[in-house]
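Protein sequences appear in the order of chains A and B.
Quick note, the first sequence lines up with residues 71 to 187 if you use this note's numbering.
Quick note, the second sequence lines up with residues -13 to 97 if you use this note's numbering.
No lab work stands behind these hints, which were simulated from the structure alone.
We treat Cβ as the ideally placed atom computed from N, Cα and C, and that holds for glycine.
Just so you know, nobody snuck in bad clues.
Example chain A residues on the side facing chain B (calculated, C-beta under 7 angstroms, incomplete):
#1 Phe160
#2 Glu164
#3 Gly181
Counterexamples of contact, computed for chain B against chain A with all Cβ distances above 12 angstroms:
#4 Gly2
#5 Thr10
#6 Glu42
#7 Phe46
#8 Ala53
#9 Asp63
When the alpha-carbon atoms are kept at most 30 angstroms apart in a straight line, the in silico BS3-like pairs for lysine-lysine are as follows:
#10 Lys(-12)/B - Lys127/A
#11 Lys96/B - Lys65/B
#12 Lys28/B - Lys65/B
#13 Lys84/B - Lys(-12)/B
#14 Lys140/A - Lys84/B
#15 Lys28/B - Lys127/A
#16 Lys127/A - Lys81/A
#17 Lys81/A - Lys140/A
#18 Lys84/B - Lys31/B
#19 Lys84/B - Lys28/B
#20 Lys31/B - Lys81/A
#21 Lys84/B - Lys127/A
#22 Lys127/A - Lys31/B
#23 Lys28/B - Lys81/A
#24 Lys(-12)/B - Lys31/B
#25 Lys140/A - Lys31/B
#26 Lys28/B - Lys140/A
#27 Lys84/B - Lys81/A
#28 Lys28/B - Lys96/B
One-letter residues, chain by chain:
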Amino acid sequence: DAGITQSPRYKITETGRQVTLMCHQTWSHSYMFWYRQDLGHGLRLIYYSAAADITDKGEVPDGYVVSRSKTENFPLTLESATRSQTSVYFCASEPGLAGRLAKNIQYFGAGTRLSVL
Amino acid sequence: RKEVEQDPGPFNVPEGATVAFNCTYSNSASQSFFWYRQDCRKEPKLLMSVYSSGNEDGRFTAQLNRASQYISLLIRDSKLSDSATYLCVVRPEYYGNKLVFGAGTILRVKS
Chain A
71 DAGITQSPRY KITETGRQVT LMCHQTWSHS YMFWYRQDLG HGLRLIYYSA
121 AADITDKGEV PDGYVVSRSK TENFPLTLES ATRSQTSVYF CASEPGLAGR
171 LAKNIQYFGA GTRLSVL
Chain B
-13 RKEVEQDPGP FNVPEGATVA FNCTYSNSAS QSFFWYRQDC RKEPKLLMSV
37 YSSGNEDGRF TAQLNRASQY ISLLIRDSKL SDSATYLCVV RPEYYGNKLV
87 FGAGTILRVK S
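Kindly produce the complete structure, drawing on both the sequences and the hints.
Structure representation (structure tokens):
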């Protein structure tokens, strides 16, 4: 049972480079999410997707791009990395059970630690 | 004002102690509430959902007070393994799937 996996687990890059973080889930969950976690801020939503080819902005989308051509994959791209994007990035998925919001649990990947130098 | 606020702690307690955390939320239309647990440098994991009537799971009890817009988590008979950051999580829109996370409360249980 692979669940939800993120790759790479660690990444060091330089300012101005493009970086793509991968997220893959095996549950066929409808919803997928990208968060970043910084000290003192908790988890903040970057982008989310309700289904393949449907994406929407979260709280902090600037500088990021997402796509979802297949239900199981939800890559996050930093088009031109900046030092302020140094963070821990978590991908999550949720089944999207209509009318059962309390049962709609989000499951998280292990995270990607990104450092932008 | 943050949408979900928690006391960051840390709460330092001895093994066997009872400890309680509170969390307040600003959106009165919020419909779903959760406590997640996050161990150091790892992903958040669901600890328990919080139901209107309150609910218990072993040593953990969660309460919801809609009138005052706060959620609580009570941990009885604390174990060393309870040491973690506890995240208060709110779903603010009835038909939305987005979650809002508090910054977390750090618990350290010492022998």
